[in-house]
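Visitor: Sequence:
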Amino acid sequence: MRKRLLIFALTALLCLGLVPTATAAEESYSDVPAGHWAAESIDRATELGLFQGVGDGKFGLGQPISRAAFATAMTRLFGWEEVKPDKPSYTDAAKSSWYYAAVETVLANGAVDASGHEFRPADNLTRGEMASMLVRGLGYTSLAGTAANYGAPFSDVTANVGYITLANDLGIMDGKGSGRFDPDGNATREQAAAVLVRVHDMLERTTTKLSSSKGYQLINIATPTAKSGDEMPVTPLEPLPELYATLRRMKNNGEDMSKAALHLMAGGVRTITDAGGNPIAASSLISAKEVQEVLARKDAKPFYSTQYESAYCMYDPNAYQSATVWYQSDESMAAKLQLAKLFGVTHYVME
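Under our numbering, the first residue of the sequence shown is numbered 2, with each subsequent residue one higher.
FYI, nobody ran anything at the bench for these hints, they're computed from the structure.
Because the structure is a prediction, the values reported are computed rather than measured.
Don't take every hint at face value.
Computed list of lysine to any residue pairs in SDA-like fashion (alpha-carbon distance at most 25 Å, straight line) [to be verified]: (1) K96 <-> E83; (2) K215 <-> S156; (3) K252 <-> D300.
Now the in silico label distances, taken between C-beta atoms and shown as ranges [said to hold, decoys possible]: (4) G178 <-> A246: 21 to 29 Å; (5) S31 <-> A115: 39 to 47 Å; (6) D93 <-> L219: 18 to 26 Å; (7) K59 <-> K252: 36 to 44 Å.
Note that the Cβ used here is the ideal one computed from N, Cα and C, for glycine as well.
With the sequences and hints as input, model every part of the structure.
Guide: In structure tokens, the structure reads:
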């Protein structure tokens, strides 16, 4: 999520036409029947420049998609700037390979695990890997840990539980019937096209700020406050794990997400601590103006928590105390609005 602000950046790229588009001749494939369930998704994926055919006017319907090909499509979807380091990060992805930039780019953006020495570019992408790469690409690696606590909604999922659960909760991927996800099964080219177009459409949803919440169900996420004796003043605004839990519950209850609005705090929460880090005064709410005054201090040190998707800063009011202020930044706001609109909530109130 850090530095991406997908809620604004992706939409801008698509609207400006910076994602490559296919020619009309490439939009029709001889091996894709007009009535096929994925025909529309294949056409749109081609129009968006996410996919190309396999040659001879064919799309490659029914064929598995390689990990390298999916990395390339993901790079195009998210509009990531290509990364081409002098030294390859993987032993099996050489600089001379056609997929080198895509593999390095998905790695740089956290869409794949950096712990291994091999990328396996020619291997078929599994459904579990597709879910994992997309959730990581959206910036939800940390949130997947929260999702894992809910348990997999599929009987055959024992690995990457959080990623698959989150992908299912967001409506990016679903099962294959009979309570199964088939995580080790190959993802076909048309399945990949359908999923990528689905993510594109979700991210392209327009988010609207309301002047009044009248007629909408407000989604209020409590901001924690520090208490006397707490070891650390952790008071993030609308913590992302709690927001996810609320949106998940609403969706599972069948609530109308289009009639809901996310309530965001405009200011921040300040906690004064002693030299040992223990709060010596209760947390207090401060206005957006007060937040700006704090950030203007020369000794204010800004930070960002990817776990909570919330900004905070620290400064010393005097020689005996320290202050921590969690506040609403453009980045934290974008992260929360992105998660909300992935669940279908496209309105918000800022107070």
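Visitor: Determine for every hint whether it applies to the structure shown.
Guide: To see whether the hints hold, each was checked on the structure:
no., hint, result
1, K96 <-> E83, "13 Å, holds"
2, K215 <-> S156, "42 Å, violated"
3, K252 <-> D300, "44 Å, violated"
4, G178 <-> A246: 21 to 29 Å, "27 Å, holds"
5, S31 <-> A115: 39 to 47 Å, "40 Å, holds"
6, D93 <-> L219: 18 to 26 Å, "51 Å, violated"
7, K59 <-> K252: 36 to 44 Å, "38 Å, holds"
In this structure, the hints that do not hold are numbers 2, 3, 6, in rising order.
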